[in-house]
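Participant: Protein chains in written order, with the working numbering: chain R, 1 to 338; chain A, 1 to 220.
It cannot be assumed that every hint is accurate.
[To be verified] Computed list of lysine to aspartate or glutamate pairs in EDC-like fashion (alpha-carbon distance at most 20 Å, straight line):
(1) Lys-46(A) - Glu-55(R)
(2) Lys-75(R) - Glu-124(A)
(3) Lys-79(R) - Glu-124(A)
(4) Lys-108(R) - Glu-124(A)
(5) Lys-216(A) - Asp-136(R)
Don't read these hints as lab results, they were simulated from the structure. Here the structure is a predicted model, which is why all the values come from computation and not from measurement.
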Amino acid sequence: MIEFQKVAKTFKLGSREVNAVKDVSISIAQGEIFGIIGFSGAGKSTLLRLVNLLETPTNGNIQVQGVDVSSLSQKEIRKLRRRIGMIFQNFNLFSSRTVAGNVAYPLKLAGVPKKEIKERVAELLQFVGLSDKADDYPEQLSGGQKQRVGIARALATSPDILICDEATSALDPDTTGEILRLLKKVNKDLGITILLITHEMHVIQEICDRVAVMENGEVIENGSVFEVFTNPKHPTTQRFIQSVQQDRPSDSLLAEWRKKGGEQLYRVIFKGEIASDPVLSKVTKKFNVDVNIVYGSVRELQEKFYGNLLVSFEGSKENILSVLNELETLVTVEEVLI
Amino acid sequence: MKVDWSTFWPRIVESTGETILMVIMTLILGSIIGITIGLLLFVTRKGNILENKLVFRLLNILINIIRPIPFIIFLVAISPLTRAIVGTTIGTWAAIFPMTIAASFGIARVVENNLVSIDPGVIEAAKAMGASPLQIIFTVLIPEALGPLILGLTFVTISLIDFSAMAGTVGGGGLGHVAMTYGYQRFDGSVMLVTVIILIILVQIAQWIGNTLSRKIMRR
Numbered sequence: 001m002i003e004f005q006k007v008a009k010t011f012k013l014g015s016r017e018v019n020a021v022k023d024v025s026i027s028i029a030q031g032e033i034f035g036i037i038g039f040s041g042a043g044k045s046t047l048l049r050l051v052n053l054l055e056t057p058t059n060g061n062i063q064v065q066g067v068d069v070s071s072l073s074q075k076e077i078r079k080l081r082r083r084i085g086m087i088f089q090n091f092n093l094f095s096s097r098t099v100a101g102n103v104a105y106p107l108k109l110a111g112v113p114k115k116e117i118k119e120r121v122a123e124l125l126q127f128v129g130l131s132d133k134a135d136d137y138p139e140q141l142s143g144g145q146k147q148r149v150g151i152a153r154a155l156a157t158s159p160d161i162l163i164c165d166e167a168t169s170a171l172d173p174d175t176t177g178e179i180l181r182l183l184k185k186v187n188k189d190l191g192i193t194i195l196l197i198t199h200e201m202h203v204i205q206e207i208c209d210r211v212a213v214m215e216n217g218e219v220i221e222n223g224s225v226f227e228v229f230t231n232p233k234h235p236t237t238q239r240f241i242q243s244v245q246q247d248r249p250s251d252s253l254l255a256e257w258r259k260k261g262g263e264q265l266y267r268v269i270f271k272g273e274i275a276s277d278p279v280l281s282k283v284t285k286k287f288n289v290d291v292n293i294v295y296g297s298v299r300e301l302q303e304k305f306y307g308n309l310l311v312s313f314e315g316s317k318e319n320i321l322s323v324l325n326e327l328e329t330l331v332t333v334e335e336v337l338i
Numbered sequence: 001m002k003v004d005w006s007t008f009w010p011r012i013v014e015s016t017g018e019t020i021l022m023v024i025m026t027l028i029l030g031s032i033i034g035i036t037i038g039l040l041l042f043v044t045r046k047g048n049i050l051e052n053k054l055v056f057r058l059l060n061i062l063i064n065i066i067r068p069i070p071f072i073i074f075l076v077a078i079s080p081l082t083r084a085i086v087g088t089t090i091g092t093w094a095a096i097f098p099m100t101i102a103a104s105f106g107i108a109r110v111v112e113n114n115l116v117s118i119d120p121g122v123i124e125a126a127k128a129m130g131a132s133p134l135q136i137i138f139t140v141l142i143p144e145a146l147g148p149l150i151l152g153l154t155f156v157t158i159s160l161i162d163f164s165a166m167a168g169t170v171g172g173g174g175l176g177h178v179a180m181t182y183g184y185q186r187f188d189g190s191v192m193l194v195t196v197i198i199l200i201i202l203v204q205i206a207q208w209i210g211n212t213l214s215r216k217i218m219r220r
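In isolation and in its complexed conformation, chain R is listed as follows (with noise of 0.2 Å):
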């Protein structure tokens, strides 16, 4: 749907250049919602907008729905942004118009009769739940009710593909969720393949089916939400997971559990289906070893379980040699330094 191949972005700031993009090369299956995830400056922002020609790449190829964009004439190029729709962190509406007006506008770009702009605006407002709001202006409304403004018009001309642009970043929590869940239905029911970019890796872990990270221009990491959050290899995906992860008390509890004379603590693993599985249980039941989860938690990714829990073992030291031996036959186990 989108392919990246070897992709580069410079800018020249006076004598200075910078290079916001650097030989990036990632493809975006139909149908996927793909994230990108980075702090700010990392180039992100700047990937987003080679998609739709808002920025013209210096290198590489860049290929949407099987066409190379930088052999587009202008005119091409706009109709090409009419198949991608775009939702912004600050929403961007027109202040002049109405709500309805808004999401009349691409439509009114295209040339679209009156009498059916004005049924698709009502289709449109329906879908994003704002069909009472049409004749108010944007400055009445609140931030999660201009995003979903935002993404009626984005999906206007019925684009194939949609690029997001931090949009929840400006959001609360609670506002947050509930555009994530519209962006799943747009996905969903409507089969728009959804590229977004974030600073915040639950953005990613909600509703992304995968994610490439970057970092000062360079992808550093990419492949299935899963995969990324259940084995992070890069120093930065690892400080994003924990950001939403917590997977390690912290130093004072941990403090108070070696003053206790607490024993070691392990971490145990649980990926997919064996998390489903009473493998804990079962194992030391067989060796006579007591089991105490100390930390942890069981969440579902991708609708996968994947469990991540800290435990110490209580028995004679052959006997929890023996489940630590037949555990790592099963699920990933670590020593926790304490």
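Following the hints, complete the assembly by docking chain A onto the known chain R.
Facilitator: Just chain A, lined up with the frame of chain R:
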């Protein structure tokens, strides 16, 4: 010799009409030219939708040359040009020409300032929806800037009333002419008072219209 008010009133009414004509004609012509220049100035700026260094610089220099000249000097200085184009340097239309030129460049800056304050994100959004530069000008820039623009034009209108009085002193007609010849040169305080009151009323009306219109458009 004081004026005889029983016969002088029609003269006042006529002059008020001339002043209003000068101001309104200048406002219309000046807005057409000024908004065009202001838009050109904005869209040819660095990084904007029709970036063009040459056009931007030329316009910028032209504005900076004309704007600092005090209007009364400008008026006299371009009188040969006025004579060539209007055919005379006396009367209402001869005043409208220099007033329009001076107003155009003032309005151009007002327009540019209002356009600069539009959120660039809104322009980017229109671009992302496939709007052409011309469509952006007419469907985004103008509607988004209209409210503050009307306040700016109101401000310009009030200085035009000022300009018209100056034009009056050099043969442009209108209330300025009456105030100068009867009120000042013939020491008739009553004429001076009446013209001042009428000018104040005109300014008040212009401000009220501007405020009402902009409020309607900005819905605040």
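Participant: Look at each hint and say if it fits the structure.
Facilitator: Structure-based check of all given hints:
no., hint, result
1, Lys-46(A) - Glu-55(R), "holds, 15 Å"
2, Lys-75(R) - Glu-124(A), "holds, 17 Å"
3, Lys-79(R) - Glu-124(A), "holds, 16 Å"
4, Lys-108(R) - Glu-124(A), "holds, 17 Å"
5, Lys-216(A) - Asp-136(R), "holds, 15 Å"
The earlier numbered hints are all upheld by this structure, with none contradicted.
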